[in-house]
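Enquirer: Construct the complete structure from the given sequences, taking the supplied hints into account.
Residue-level listing of the chains:
Number of protein chains: 2
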Amino acid sequence: MVEEKTTMIQKNKFAVGVDLGATTVKVGIVSPVGGIIDQFSADAKAGKGPVVVIQQIIFSVQELLSRRKISDCLGIGIGCPGVVSTFDGTVQHPPNFANWTKVDVAKEIRREFKIPVFIENDANCAAIAEARYGAGIEFKDFLFVIWGTGVGGGIILDRKIFRGPHGGAGEIGHISIDYNGRQCNCGNFGCIESYIGQRYLSQRTKELLQARVRDGSRSILETLVDGNYDKIEPVLISQAAEQGDSIAINILTEAGELLGSALASILNVLDLRVVVIGGGISAAPAFVYESIIQSVRSRILKPHKEGVRVIRAKLGNSAGLVGAASLVLS
Amino acid sequence: MVEEKTTMIQKNKFAVGVDLGATTVKVGIVSPVGGIIDQFSADAKAGKGPVVVIQQIIFSVQELLSRRKISDCLGIGIGCPGVVSTFDGTVQHPPNFANWTKVDVAKEIRREFKIPVFIENDANCAAIAEARYGAGIEFKDFLFVIWGTGVGGGIILDRKIFRGPHGGAGEIGHISIDYNGRQCNCGNFGCIESYIGQRYLSQRTKELLQARVRDGSRSILETLVDGNYDKIEPVLISQAAEQGDSIAINILTEAGELLGSALASILNVLDLRVVVIGGGISAAPAFVYESIIQSVRSRILKPHKEGVRVIRAKLGNSAGLVGAASLVLS
Numbered sequence: 135m136v137e138e139k140t141t142m143i144q145k146n147k148f149a150v151g152v153d154l155g156a157t158t159v160k161v162g163i164v165s166p167v168g169g170i171i172d173q174f175s176a177d178a179k180a181g182k183g184p185v186v187v188i189q190q191i192i193f194s195v196q197e198l199l200s201r202r203k204i205s206d207c208l209g210i211g212i213g214c215p216g217v218v219s220t221f222d223g224t225v226q227h228p229p230n231f232a233n234w235t236k237v238d239v240a241k242e243i244r245r246e247f248k249i250p251v252f253i254e255n256d257a258n259c260a261a262i263a264e265a266r267y268g269a270g271i272e273f274k275d276f277l278f279v280i281w282g283t284g285v286g287g288g289i290i291l292d293r294k295i296f297r298g299p300h301g302g303a304g305e306i307g308h309i310s311i312d313y314n315g316r317q318c319n320c321g322n323f324g325c326i327e328s329y330i331g332q333r334y335l336s337q338r339t340k341e342l343l344q345a346r347v348r349d350g351s352r353s354i355l356e357t358l359v360d361g362n363y364d365k366i367e368p369v370l371i372s373q374a375a376e377q378g379d380s381i382a383i384n385i386l387t388e389a390g391e392l393l394g395s396a397l398a399s400i401l402n403v404l405d406l407r408v409v410v411i412g413g414g415i416s417a418a419p420a421f422v423y424e425s426i427i428q429s430v431r432s433r434i435l436k437p438h439k440e441g442v443r444v445i446r447a448k449l450g451n452s453a454g455l456v457g458a459a460s461l462v463l464s
Numbered sequence: 135m136v137e138e139k140t141t142m143i144q145k146n147k148f149a150v151g152v153d154l155g156a157t158t159v160k161v162g163i164v165s166p167v168g169g170i171i172d173q174f175s176a177d178a179k180a181g182k183g184p185v186v187v188i189q190q191i192i193f194s195v196q197e198l199l200s201r202r203k204i205s206d207c208l209g210i211g212i213g214c215p216g217v218v219s220t221f222d223g224t225v226q227h228p229p230n231f232a233n234w235t236k237v238d239v240a241k242e243i244r245r246e247f248k249i250p251v252f253i254e255n256d257a258n259c260a261a262i263a264e265a266r267y268g269a270g271i272e273f274k275d276f277l278f279v280i281w282g283t284g285v286g287g288g289i290i291l292d293r294k295i296f297r298g299p300h301g302g303a304g305e306i307g308h309i310s311i312d313y314n315g316r317q318c319n320c321g322n323f324g325c326i327e328s329y330i331g332q333r334y335l336s337q338r339t340k341e342l343l344q345a346r347v348r349d350g351s352r353s354i355l356e357t358l359v360d361g362n363y364d365k366i367e368p369v370l371i372s373q374a375a376e377q378g379d380s381i382a383i384n385i386l387t388e389a390g391e392l393l394g395s396a397l398a399s400i401l402n403v404l405d406l407r408v409v410v411i412g413g414g415i416s417a418a419p420a421f422v423y424e425s426i427i428q429s430v431r432s433r434i435l436k437p438h439k440e441g442v443r444v445i446r447a448k449l450g451n452s453a454g455l456v457g458a459a460s461l462v463l464s
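Read top to bottom, the protein sequences are chains A and B. Mapped onto our numbering, the consecutive letters of the first sequence carry residue numbers 135 to 464. Mapped onto our numbering, the consecutive letters of the second sequence carry residue numbers 135 to 464.
Among these hints, one or two may not hold up.
When chains are identical, the list treats them as one kind, so a pair holds in a single copy or across two.
Straight-line Cα separation of at most 30 Å, DSS-like style, residue types lysine-lysine; simulated pairs [what the hints assert, rightly or not]:
| id | residue 1 | residue 2 |
| --- | --- | --- |
| 1 | K147 | K294 |
| 2 | K241 | K145 |
| 3 | K439 | K241 |
| 4 | K236 | K439 |
| 5 | K179 | K248 |
| 6 | K294 | K436 |
| 7 | K436 | K236 |
| 8 | K294 | K439 |
| 9 | K448 | K248 |
| 10 | K436 | K147 |
| 11 | K145 | K203 |
| 12 | K182 | K340 |
| 13 | K294 | K274 |
| 14 | K145 | K236 |
| 15 | K248 | K182 |
| 16 | K182 | K236 |
| 17 | K439 | K182 |
| 18 | K179 | K439 |
| 19 | K145 | K182 |
| 20 | K248 | K365 |
| 21 | K241 | K436 |
| 22 | K145 | K294 |
Hints are computed from structural coordinates only; laboratory data are not their basis.
Expert: Written as structure tokens, this is what we have:
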């Protein structure tokens with residue numbers, strides 16, 4: 135009887151998830167089983183400094199909570215870019231946020247709402263969400279990769295996020311696949327992010343298209359962007375590839391091979407077998423996954439080869455939000 | 135009083151450590167504080183199959199135990215190459231051991247001596263030893279690298295070895311630093327092992343020396359090997375470098391830079407700051423460490439840069455043995 139009652143109470147309870155990005159702050163009401171019940175978005179105003187950003191978070195959460203009983207709210211979970219300390223609730227150096235060194239985000243939010251507040255790196259939040267409710271649900275251990283504007287990720291060990299000794303683990307985008315290669319924004323050379331991130335893929339496609347135009351041949355991709363090469367982005371490259379465009383197919387196949395090289399190195403060191411890929415570019419056609427997995431299989435150490443899998447994430451854009459909320463629900 | 139007595143009893147107690155290599159099996163009597171009290175070595179007979187290898191281990195342990203009271207022996211710890219299951223005591227595919235697929239080494243040794251037997255990967259044993267008694271003693275978390283014939287290692291997290299989900303973590307030598315680079319023995323391309331392992335360093339030095347001879351110039355290294363280039367090995371390259379030989383200096387500096395590139399990638403992913411380097415080549419001159427650390431510092435992510443250290447291991451050749459014994463002592 136007691137158990138039943140608890141379940142009933144639990145049913146009305148919810149957590150608030152906050153997914154803070156440099157352009158948008160997304161907040162959501164999330165059920166104890168990871169479903170999004172209600173959502174709200176606002177401009178993050180990342181260029182205006184931390185005080186304004188925190189106001190935007192507070193305003194968005196207030197907006198959502200105004201529609202429900204605050205006593206049913208179990209707490210607020212926040213996913214932030216940058217180096218996040220889950221211990222003291224601070225966020226350091228989130229990229230593309232102005233005048234931000236180290237800010238105690240959790241404290242500010244807690245002061246406002248007076249309910250439990252948890253905070254975590256945004257990529258880790260997405261990894262946690264995929265582990266609990268998404269593509270990783272059947273795997274105890276896996277590597278989560280966010281493939282989008284940049285390349286990031288999270289490491290799930292024994293169903294928990296591995297934060298590393300200082301909270302900065304999982305920087306998968308900054309595995310160098312060529313010590314003498316392209317210079318990355320981070321200063322290092324050959325980082326996988328600098329080969330397969332959105333900007334590079336779009337730029338590379340543009341260059342190849344321009345070369346092809348000089349040859350006088352035509353491209354599906356060119357039609358898709360109406361001849362405006364600045365409109366090229368991975369979703370259109372994927373679309374063109376699905377329609378058989380050879381440049382698009384080559385670029386995505388190569389990106390898969392390179393990602394596979396970086397993944398093989400990480401899987402060798404961490405003794406992992408499963409990779410879940412999320413982020414904008416993870417919507418790429420199946421042949422890209424084939425390319426990644428072939429590359430991993432041909433490169434990984436023999437004793438690590440058995441059971442290697444590379445699969446698509448399931449939660450799409452909402453992984454960060456759901457994962458943030460699930461910090462409260464754990 | 136009780137505590138004192140325990141310490142006294144503990145004083146006479148010891149553990150046996152076994153360090154199984156493809157050429158030699160080394161066994162030692164190790165005190166509870168990690169000191170080697172007595173040692174014995176025998177041919178591992180790795181070419182003769184697992185039955186003979188296990189006989190060699192048993193014989194060596196018997197030899198050592200015959201000089202002491204077996205009731206004082208707390209147990210036997212064994213370090214083995216290959217994929218070692220600490221759970222069921224099996225060893226799979228140790229490189230350079232003939233006719234060896236999967237062998238239950240722990241069971242065989244336990245049957246003979248009827249005392250507790252523990253088993254672990256040899257690189258992990260060395261990492262554990264450096265963590266408990268060596269250069270890693272002051273660090274909770276670090277990466278241990280064995281730089282010798284090959285490149286291996288172990289990951290220490292919160293003072294414990296990180297084995298990974300299948301017991302195969304720490305394969306640092308098979309981080310690729312160039313997806314399009316030299317083919318490694320493992321089949322992958324650009325593995326750091328294939329650039330800085332003993333064989334490659336010796337071969338590269340030989341080639342450069344031969345080119346220099348054609349120029350008519352002289353080299354300290356040439357004198358050291360009496361003109362016999364097949365005698366070139368890292369210890370002599372280090373010696374020549376210390377005497378100012380420019381080829382030797384260049385080769386070791388470059389090796390340090392390349393190792394630094396691989397290390398930066400791993401430190402980025404694992405959020406580690408400290409690297410302890412053991413193995414034969416770790417005896418290289420200080421300028422090699424300078425080269426490694428400069429490479430790591432210039433390549434690692436900015437938020438990970440603070441506190442980065444690359445230091446020499448302390449226990450030398452006995453790390454494997456002491457670490458194996460310490461499996462019993464933990």
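Enquirer: Pop the pair K145 and K203 into one bin, within, between, both or neither, using alpha-carbon distances up to 30 Å.
Expert: within (13 Å within a copy, 65 Å between copies)
Enquirer: Treating 30 Å as the Cα threshold, decide for K182 and K340: within, between, both or neither.
Expert: neither (33 Å within a copy, 60 Å between copies)
Enquirer: Between copies, within a copy, both or neither: which fits K145 and K236 at Cα up to 30 Å?
Expert: neither (37 Å within a copy, 51 Å between copies)
Enquirer: Evaluate K145 and K294 at a C-alpha cut-off of 30 Å and name the case that applies: within, between, both or neither.
Expert: Result: close within a single copy only, 25 Å intra versus 41 Å inter.
Enquirer: When no copy is named, should K248 and K365 be tagged within, between, both, or neither for a Cα gap of at most 30 Å?
Expert: neither (45 Å within a copy, 73 Å between copies)
Enquirer: How would you classify K436 and K147 at a CA-CA limit of 30 Å: within, between, both, or neither?
Expert: This pair counts as neither: shortest intra-copy Cα distance 48 Å, inter-copy 41 Å.
Enquirer: With 30 Å as the alpha-carbon cut-off, assign the pair K241 and K436 to within, between, both or neither.
Expert: Between. Shortest inter-copy distance 26 Å satisfies the 30 Å Cα cut-off; intra-copy 48 Å does not.
Enquirer: When Cα atoms must be at most 30 Å apart, do K179 and K439 count as within-copy, between-copy, both, or neither?
Expert: between (46 Å within a copy, 29 Å between copies)
Enquirer: Given a CA cutoff of 30 Å, do K179 and K248 count as a within-copy pair, a between-copy pair, both, or neither?
Expert: within (24 Å within a copy, 69 Å between copies)
Enquirer: Within a copy, between copies, both or neither: which one fits K439 and K182 at a CA-CA cutoff of 30 Å?
Expert: between (49 Å within a copy, 28 Å between copies)
Enquirer: Please sort K236 with K439 into within, between, both or neither, judging by C-alpha distance up to 30 Å.
Expert: between (42 Å within a copy, 16 Å between copies)
Enquirer: State whether the alpha carbon distance between K241 and K145 is at most 30 Å within one copy, between copies, both, or neither.
Expert: Answer is within; shortest intra-copy Cα gap is 28 Å, inter-copy 52 Å.
Hints 9, 10, 12, 14, 19 and 20, counting from the list given before, are not met by this structure.
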